[in-house]
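Enquirer: Here is how the chains run, residue by residue.
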Amino acid sequence: MADFLTIVYLFFIFVSLYSIFLILLIFFRNKSELYSDYITENFRHLSVIIPAYNKEDSIKQTIEAVQNVDYPKDKIEIIVVDDGSRDRTVEIAKGIKGINLYVKGYNSGKSDTVNYGIKKAKGEIIAVIDADSCPEKDSFKKMMNYFDDPETGAVTATCYVRNTEKVIGKLQSIEYFLIAFGRKILDFVDSVYVTPGSLSMYRKKLLDEIGGFDTNNITEDIEIAWKILKNKYKNRMCLSARVSTDVPDTLRKWWKQRLRWNVGGFQTVHKYRNSFFRKSQKMFGLFVVPRFFISHVLSITGFFIFTYLIGKKLFEWGLNLFYSYQNGATLIEAPSLFLTPNVFTFFILVLFVFTLIFTYYGLKIMNKSPMGFKANATVLFYLLFYLTLYPLVLLHSLYVIITGDIKW
Amino acid sequence: MVRYGDLFLKALILTIVVFLLGVFLGYALERNRVNDIEEQFQIIDLNWDDARLQSLYYQNLEPRFCDSAIEENLDFADKAYQEGLKIEEYEQANFLTNDLELEKRKYALLKVEFWLNSIVLRNKCDADYINLVYFFKNKPDLETEAKQNTQSEILKELKEKYGKKLMLIPLPIDGDISMINIMETTYNISIVPTILINEKRKLEGLQSLDELDLLISYE
Chain S
590 MADFLTIVYL FFIFVSLYSI FLILLIFFRN KSELYSDYIT ENFRHLSVII
640 PAYNKEDSIK QTIEAVQNVD YPKDKIEIIV VDDGSRDRTV EIAKGIKGIN
690 LYVKGYNSGK SDTVNYGIKK AKGEIIAVID ADSCPEKDSF KKMMNYFDDP
740 ETGAVTATCY VRNTEKVIGK LQSIEYFLIA FGRKILDFVD SVYVTPGSLS
790 MYRKKLLDEI GGFDTNNITE DIEIAWKILK NKYKNRMCLS ARVSTDVPDT
840 LRKWWKQRLR WNVGGFQTVH KYRNSFFRKS QKMFGLFVVP RFFISHVLSI
890 TGFFIFTYLI GKKLFEWGLN LFYSYQNGAT LIEAPSLFLT PNVFTFFILV
940 LFVFTLIFTY YGLKIMNKSP MGFKANATVL FYLLFYLTLY PLVLLHSLYV
990 IITGDIKW
Chain H
826 MVRYGDLFLK ALILTIVVFL LGVFLGYALE RNRVNDIEEQ FQIIDLNWDD
876 ARLQSLYYQN LEPRFCDSAI EENLDFADKA YQEGLKIEEY EQANFLTNDL
926 ELEKRKYALL KVEFWLNSIV LRNKCDADYI NLVYFFKNKP DLETEAKQNT
976 QSEILKELKE KYGKKLMLIP LPIDGDISMI NIMETTYNIS IVPTILINEK
1026 RKLEGLQSLD ELDLLISYE
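Protein chains in written order, with the numbering used here: chain S, 590 to 997; chain H, 826 to 1044.
No wet-lab data here; the hints were simulated from the structure.
All values derive from a computational prediction rather than experimental measurement.
Don't take each hint at face value.
Stated by the list, open to error - With a Cα cut of at most 25 Å, we get these calculated DSS-like pairs of lysine-lysine:
| id | chain 1 | residue 1 | chain 2 | residue 2 |
| --- | --- | --- | --- | --- |
| 1 | S | LYS868 | H | LYS835 |
| 2 | H | LYS835 | S | LYS823 |
| 3 | H | LYS904 | H | LYS981 |
To be verified - Covered stretches of chain H (chain S as the covering partner; in silico rule of three or more C-beta atoms under 8 Å from a C-beta of chain S):
| id | stretch |
| --- | --- |
| 4 | 832–844 |
| 5 | 910–923 |
| 6 | 957–971 |
| 7 | 977–988 |
| 8 | 1025–1037 |
For glycine and all other residues, C-beta sits at the position ideal for the given N, C-alpha and C.
Please take these sequences and the hints and turn them into a complete structure.
Expert: Structure follows, in structure tokens:
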């Protein structure tokens, strides 16, 4: 009879297999519709809100990119809301014509800043764009068609990485493309669980109904997406609409960003815990919340088991070395890898192959990348090492949540 | 969920199929390894019967062939030792079945038999080899395991040094084998690792290479 840890491993494998098979099945069924976006003739009045805090380096570039977007000029207004910047953001923005600049004069966080902008907006649709992101020319038109469906509450776009000079940028570039690809797949089952701040559009009427962005949540883009789903609207993903952004270029900044994402994720799960497996909330209750929750639980549990096993091995190895040295024996070698095939060899191979298939299709479909995907080594590094950092950040996030030391 | 409910179901079916296939393959692999050990055991058991009978024959009827009996005994010891290592390796890779436990017990019994034969052979043939019985646990705590690993390494080095002069007989005391339990009581084995040299000298706890080397050279 298998022991407890073996059963836990097998459960992990079952859940992982199910996730990857589900994603691939959805993908293969809808492969031809990934880029089936049409350009609508119904140009709704659009208010673009750019919340800015200490963005002197990028604000001009972002505003100009928005001004250059191909959308009827009489149907678009650009609202820049300064969140109490201490640098030259306001000064730079003031020098740009054709925008409505609001200076709050105090720093209250992104959610509050966007909510401020929403109150000032006149458009039927609200686009929120980070002050360091640049939408491509045709992105608004492509996204707008999704609002022809009255059930659509929000639409988001493909975000790609601009600063890919460093390895960390290259890795995030792969990650961002795969995230966008994965989000599009989830779109086919009405389960887009985040509308990123780099570029997302919302129906203003809906935002007014649900009270805008939650100012207590540090990942307002996850929280708002969940709120929309809970209110029985859909979040959609427009794969062909693209926006570029700068990502953290040092491990320290990267860690901080991921910490924020995870802590915000936990906050959101906690807020919507009552929706867990709630049939009346359809995909949100039956899939989005449980999937998010289970993946976090599995990730943390998996990390603890992994740490326990590695720690145990290292401790054992240390003791072996100590006793060997003390008693004049030949120093015992490092714990050997047991290469005798076993039940897990098959599963690890299957999971790796299907993850490769997902990655291959993901990168192939997103091949407009500025990075170029011949760098197979980077992809392999991404799969084998970069992804293993996730549970570590998750664990740190859990610590932050438990200690209540949440500040950004 | 109604529109795409079939995808969730299909993914579940696919997962169950692949999962069961994997478990079945894993089980088949493990069974195959157990079968391999069982086959080897049968061969070794047969060899052992042969060696034991030869031993009896030489001891009782043809004492001048004692050397051959000792040689047979040593050959058998080597084979049993190698097979023991194989069981250990397979044990690390078997997650679904416990069938190797039984094989381990069979081997332990065989080693006890081998030990008893070695005692008789040494007395009857006036052989000068040393019986070194090493008592250990199959499921020790971390610290004991480290001590056992070190002790095994030291014994392996001594075996290499003394070759056929040293009969190395490792016996697990937690294998629920009544014969070993009797030995345990007879020699009052309370901790592991414990080493018994020529059924006379008992050494409790981890013994250093120099200490053991000195003791063996005096025997």
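Enquirer: Residue count check for the stretch 977–988 of chain H against chain S: does it reach three with CB-CB under 8 Å?
Expert: holds (count 3)
Enquirer: For the stretch 1025–1037 of chain H, does the count of residues with a C-beta closer than 8 Å to a C-beta of chain S reach 3?
Expert: holds (count 5)
Enquirer: Count the residues of the stretch 957–971 of chain H whose CB lies closer than 8 Å to any CB of chain S, then report whether that count reaches three.
Expert: holds (count 4)
Enquirer: Closer than 8 Å, Cβ to Cβ, for at least three residues: run that test on the stretch 832–844 of chain H against chain S and report holds or violated.
Expert: That given contact holds, which follows from 9 residues of the stretch 832–844 of chain H lying within Cβ reach (below 8 Å) of chain S.
Enquirer: Is the straight-line distance between the alpha-carbon of LYS835 of chain H and that of LYS823 of chain S 25 Å or less?
Expert: Holds: LYS835 of chain H and LYS823 of chain S sit about 24 Å apart, inside 25 Å.
Enquirer: If you look at each residue in the stretch 910–923 of chain H, do at least three have a Cβ nearer than 8 Å to any Cβ of chain S?
Expert: holds (count 8)
Enquirer: Run the distance test for LYS868 of chain S versus LYS835 of chain H: straight-line Cα separation, threshold 25 Å.
Expert: 20 Å, holds
Enquirer: Straight-line Cα separation of LYS904 of chain H and LYS981 of chain H no greater than 25 Å?
Expert: 15 Å, holds
Hint compliance for this structure: no hint is broken.
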